[in-house]
Amino acid sequence: MSVDSDGEAQRDRAGKAFRRAELDVDELWMHYFSMGGDAGAMETEAYLHGSYMLRPIQRDLLDHAIYELGNDQKE
Amino acid sequence: MTRKQPVAAELPEIFARVTGLLLTEPVVDRAVTNIARATHQSLAGSVGAGVTLIDSEGRPTSTASTNSLVKEADRLQYELGDGPCLSAWASGQAVRVDDLREDQRWPEWSKAGGRLGLLSCISVPLLVPDLTGTGEPEPIGAMKVYSDQPHAFDERSEEVLSLLAGPAALILTNLQARERAARLSDILKDALHSRSAIDLAKGVLMERLHVTERGALQFMITRARTQGIALSRVAQGILDPTETDRTP
Numbered sequence: 003m004s005v006d007s008d009g010e011a012q013r014d015r016a017g018k019a020f021r022r023a024e025l026d027v028d029e030l031w032m033h034y035f036s037m038g039g040d041a042g043a044m045e046t047e048a049y050l051h052g053s054y055m056l057r058p059i060q061r062d063l064l065d066h067a068i069y070e071l072g073n074d075q076k077e
Numbered sequence: 127m128t129r130k131q132p133v134a135a136e137l138p139e140i141f142a143r144v145t146g147l148l149l150t151e152p153v154v155d156r157a158v159t160n161i162a163r164a165t166h167q168s169l170a171g172s173v174g175a176g177v178t179l180i181d182s183e184g185r186p187t188s189t190a191s192t193n194s195l196v197k198e199a200d201r202l203q204y205e206l207g208d209g210p211c212l213s214a215w216a217s218g219q220a221v222r223v224d225d226l227r228e229d230q231r232w233p234e235w236s237k238a239g240g241r242l243g244l245l246s247c248i249s250v251p252l253l254v255p256d257l258t259g260t261g262e263p264e265p266i267g268a269m270k271v272y273s274d275q276p277h278a279f280d281e282r283s284e285e286v287l288s289l290l291a292g293p294a295a296l297i298l299t300n301l302q303a304r305e306r307a308a309r310l311s312d313i314l315k316d317a318l319h320s321r322s323a324i325d326l327a328k329g330v331l332m333e334r335l336h337v338t339e340r341g342a343l344q345f346m347i348t349r350a351r352t353q354g355i356a357l358s359r360v361a362q363g364i365l366d367p368t369e370t371d372r373t374p
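Protein sequences, first through last, are from chains A and B.
So the number in our numbering is just where the residue sits in the first sequence, counting from 1, plus 2.
So the number in our numbering is just where the residue sits in the second sequence, counting from 1, plus 126.
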């Protein structure tokens with residue numbers, strides 16, 4: 003069994019940030035997609051719930067998509 | 127959060143439209159007008175029937191009716207913002223008015239309807255089943271039938287009208303999907319534009335800074351966050367340095 007503790011920690015943080023910002027998962031996926039994300043909407047949702055793993059670059063993109071949408075919402 | 131933009135779930139509609147799976151507007155119009163006509167003919171006492179699509183703000187978006195009397199009664203209702211069709215749509219329940227002269231639920235509309243010679247009516251919601259199969263059916267409009275006699279309709283008429291509303295709702299959903307697809311393809315165009323700019327800028331940086339793909343992305347993300355701008359703007363800046371700040 004492969005263990006990717008960095009990936010899992012990043013995933014945990016992303017899931018928490020996503021829930022804290024109360025984002026709509028479809029809207030988030032579209033934003034992530036517009037930045038070059040290539041995971042599907044369903045994989046993205048599963049990742050945020052901790053049941054799927056994304057590649058490192060996809061994780062970074064999704065982090066930033068959450069960051070940008072979260073900021074948009076605060077304004 | 128009130129802002130909602132269900133995008134990902136509706137992407138299949140765009141492809142359905144592109145591949146011609148969605149019906150065109152004239153086809154839908156004709157089918158719905160036929161249903162209105164069938165309704166009018168199958169309910170004794172009817173002087174006219176109609177179907178109205180209602181958007182989420184309670185505004186009518188398109189209609190089909192058997193005659194101008196129905197059209198006028200509808201117009202009044204949406205102008206007043208009150209009436210049996212709007213109630214049927216909002217509540218998801220059938221609404222029957224046995225005598226407009228005595229009904230107190232929508233006094234203004236009843237008065238106006240009475241002047242048109244309409245004395246009773248039934249409105250049923252147009253319901254489409256929730257696609258995920260978990261939630262409640264969604265009301266997308268109303269179908270109604272009018273009479274110039276009081277007490278023209280009973281429970282049975284209500285049942286017949288509800289039965290006919292089923293196929294009408296399904297056909298109209300197709301039209302709504304088409305409109306959503308048009309709106310969505312604009313959103314998708316923007317997304318694809320930004321996506322390719324970011325991809326290109328990533329490639330430029332990889333070459334220029336001799337970094338990996340992830341390194342290039344992290345470079346752009348850091349810049350976006352320190353400058354407080356969107357990632358797509360950072361990418362534009364890298365691709366067209368004359369427009370914004372200096373690139374590395």
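No lab work stands behind these hints, which were simulated from the structure alone.
Be careful, since some hints might not be right.
Each computed SDA-like pair below joins lysine to any residue, with the alpha-carbon atoms no more than 25 Å apart [what the hints assert, rightly or not]:
(1) K315(B) with K18(A)
(2) K315(B) with I59(A)
(3) K315(B) with V330(B)
(4) K315(B) with G72(A)
(5) K315(B) with D74(A)
(6) K18(A) with D74(A)
(7) K18(A) with D40(A)
(8) K18(A) with T348(B)
(9) K18(A) with Y54(A)
(10) K197(B) with R227(B)
(11) K315(B) with V286(B)
(12) K315(B) with M44(A)
(13) K197(B) with V286(B)
(14) K315(B) with R304(B)
(15) K197(B) with E262(B)
(16) K18(A) with I355(B)
(17) K18(A) with D181(B)
(18) K18(A) with R340(B)
(19) K315(B) with Y69(A)
(20) K315(B) with D26(A)
(21) K197(B) with D181(B)
All figures in this text were calculated on a predicted structure; none of them were measured in a lab.
- Query: Is the straight-line distance between the alpha-carbon of K18(A) and that of D181(B) 25 Å or less?
  - Reply: Roughly 35 Å between the alpha carbons, so the hint for K18(A) and D181(B) is violated.
- Message: Checking one constraint from the list: CA of K18(A) to CA of T348(B), max 25 Å. Satisfied?
- Response: holds (21 Å)
- Is the straight-line distance between the alpha-carbon of K315(B) and that of R304(B) 25 Å or less? holds (17 Å)
- Query: For the pair supplied as a hint, K315(B) and V330(B), is the alpha-carbon distance within the 25 Å limit?
  - Reply: holds (23 Å)
- Message: Need the status of pair K315(B), D74(A): alpha-carbon distance at most 25 Å?
- Response: holds (21 Å)
- Query: Does K197(B) pair with E262(B) here, judged by a C-alpha cut-off of 25 Å?
  - Reply: Cα-Cα ~30 Å, so violated.
- If you draw a straight line from the CA of K18(A) to the CA of Y54(A), is it 25 Å or shorter? holds (15 Å)
- K315(B) paired with D26(A) [C-alpha distance capped at 25 Å]: Roughly 20 Å between the alpha carbons, so the hint for K315(B) and D26(A) holds.
- 25 Å limit on alpha-carbon distance, applied to hinted pair K197(B) and V286(B): holds (21 Å)
- Task: Mind checking the alpha carbons of K315(B) and M44(A) for me, to see if they're no more than 25 Å apart?
- Result: holds (21 Å)
- Item | Proposed proximity, Y69(A) with K315(B) (alpha carbon, max 25 Å) | The given pair, whose Cα atoms are some 22 Å apart, holds under the 25 Å limit.
- Query: Holds or violated: K315(B) with V286(B), Cα cutoff 25 Å?
  - Reply: Given pair K315(B), V286(B) is violated - Cα atoms ~44 Å apart, limit 25 Å.
Against the hints set out earlier in the document, violations occur for numbers 1, 11, 15, 17.
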